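As a plain string of letters, each chain reads:
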Amino acid sequence: MSEADGRVRLTVLGGYLGSGKTTWLRHQLHEGQFSRALIIVNEAAETPVDDALLGQSNRLEVLAGGCVCCTAKQQLIDLLRRICDARSKADAGGERLSQIVLETSGLADPGPIVEAIRSDPVLVYHIIVSEVIVAVDALHGLSQLKTEPLGRRQIDVADRLIITKADAADETTLTTLTATLARLNPGAAISGAVKGVAYPLPDWSSAVPEVLPEISGGAKAPVTPTRLYLDDSIDWSAFTVWLSALLHARGDDIVRVKGVVRTPAGRLLLQTVRKIVQSPEILPEQGDQREDNMIVVIGRGYTESQLKRSLHYFAGITDAR
Amino acid sequence: MCSACGFPTAPGHWTDAGASTAHDRLRGRMRRAQVLQTVLPLYGLKAYDGGEVPGIQISTLSGSETIVRDLGEVWMLAEKISGGPVDPLDPRFIGEE
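Which chain is which? The protein sequence lines are A and B, in order.
Quick note: the first sequence, position 17, residue 17 per this note's numbering, numbers continuous.
All you need for this note's numbering is the position in the second sequence, starting with 1, plus 1000.
Calculated from the structure, these hints are not laboratory results.
A quick note: this is a predicted structure, and the numbers were derived from the prediction, not measured.
Please note that a few of the clues may not be correct.
[To be verified] Quick look at which bits of chain A chain B covers, simulated, 3 or more residues with Cβ under 8 Å:
| id | region |
| --- | --- |
| 1 | 236 to 250 |
| 2 | 255 to 268 |
[Unchecked claim] So these bits of chain B aren't anywhere near chain A, every CB distance computed over 10 Å:
| id | residue |
| --- | --- |
| 3 | G1051 |
| 4 | Q1057 |
| 5 | T1060 |
| 6 | L1061 |
| 7 | S1062 |
| 8 | V1068 |
| 9 | R1069 |
[To be verified] Listed next, the stretches of chain B that the computed footprint assigns to chain A, with coverage defined by at least 3 CB atoms under 8 Å from CB atoms of chain A:
| id | region |
| --- | --- |
| 10 | 1006 to 1019 |
| 11 | 1036 to 1049 |
| 12 | 1071 to 1079 |
| 13 | 1084 to 1095 |
For every residue, glycine included, the Cβ atom is placed at its ideal position computed from N, Cα and C.
Isolated chain A, as found in the complex (with noise of 0.2 Å):
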């Protein structure tokens, strides 16, 4: 399809939770691509922590508390509809808008997002789905891939594969998940990146693809998202105490933790992917800080009760039974 039919190109960036989506879109952005490009952030959980990472961006639009390929798919609709319907008001003059680039929520299955888009009767005029772009952790792909059931429907419709954090993962890893990959997907073109730097992959041709167990689909709970306000009474070391604990313990059924935390020390953008902390962030003061002190646990095998009550219980709050 050329560019030239007037519709707006749309790239829906997917991954799993903690893929490393955001890193790698935020530097292309810092790189000048999509630099004019309306970005859509999906977050499953209702606290948006994304988007104050893509300050780069000039238009940005979040879509929180819902996964727009099932329980938010109509307000995607709904918000495209609106950007089409403002893009054919706009000033023949004017710049008019040429790319959108959808950040999905790590729970999402990017097929029946193209789908919905696809099919809709009005958006199919105003826009054309033009890459499926997926980013697979070095680390945790294979693992997922063993397991969920949503990690392979996310590899399934990508028309470009990025392997991201490539220099955490040894060659073996790496050249296996490569093969992989490629077994599940021979027509997508895969790379590798670090913090979205592109990061040549070694040669994986003779490399063994994993055999990968059948999976049916609710063999395993699905994720879900958990919100956990950190109030007054939860300090930074009883919070890391707990937290360290839980993912020691459960890092395979807690698959991210995220959410920005205020300590004496400033700012701090926690996020986790399984067992995994990444150094935390220190964020501006400046911004918007009302889901500070809100953490979102994305995971299975507990109950937000539960949750909360483990976590008083490390900071010595005694719940009212």
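Put chain B on the given structure of chain A with help from the hints.
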């Protein structure tokens, strides 16, 4: 996010990121040991950090003592000694005994 497009990251173990002054660091260490003391005794262990030496002192009921560098090492050691991980969702912590 390269070094130019991200925000600066806090140095050291992530659990130390909440303090930037020596005073805050010391207070954080003591508080951390206090919190550990509400948890580890249920697994037959004790924690102590008086700020004199770097690290957290973990001792068993029989009196053997080990100094570990950070919380990650605390949980690994506790798992090794008690035969299972210290689970914050342990029914004893969340009142579901």
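Consistency of the hints with the structure:
Under a criterion of three residues with beta carbons nearer than 8 Å to beta carbons of chain B, the stated coverage of the region 236 to 250 of chain A is upheld, 12 such residues being counted. Proximity of the region 255 to 268 of chain A to chain B, defined as three or more residues with a beta carbon under 8 Å from a beta carbon of that chain, is established by the 6 residues found. The beta carbon of G1051/B is kept farther than 10 Å from every beta carbon of chain A, the shortest such distance being approximately 13 Å. Even its closest Cβ contact with chain A, about 15 Å, leaves Q1057/B beyond 10 Å, as expected for a residue assigned away from the interface.
Its beta-carbon lying about 18 Å from the closest one in chain A, T1060/B satisfies the requirement of being farther than 10 Å from that chain. The beta carbon of L1061/B sits about 20 Å from the closest Cβ of chain A, which is more than 10 Å, so the claim that it is off the interface holds. No Cβ of chain A approaches the Cβ of S1062/B within 10 Å, the least distance being about 23 Å, so the stated non-interface status holds. With a minimum CB-CB distance of about 12 Å to chain A, V1068/B clears the 10 Å threshold, and the non-interface call stands.
The Cβ of R1069/B lies farther than 10 Å from every Cβ of chain A, with a closest approach of about 13 Å, so its non-interface assignment holds. Check on the region 1006 to 1019 of chain B: 11 of its residues sit with their Cβ under 8 Å from a Cβ of chain A, so the three-residue criterion for coverage holds. Only residues whose C-beta sits within less than 8 Å of a C-beta in chain A count toward coverage, and the region 1036 to 1049 of chain B has 3 of them, enough to reach three; the restraint holds. Figure legend: the region 1071 to 1079 of chain B, annotated as covered by chain A; annotation consistent (6 residues with Cβ-Cβ distances under 8 Å, at least 3 required).
Closer than 8 Å: that is the beta-carbon criterion, and the region 1084 to 1095 of chain B has 8 residues meeting it against chain A, so the requirement of 3 holds.
The earlier numbered hints are all upheld by this structure, with none contradicted.
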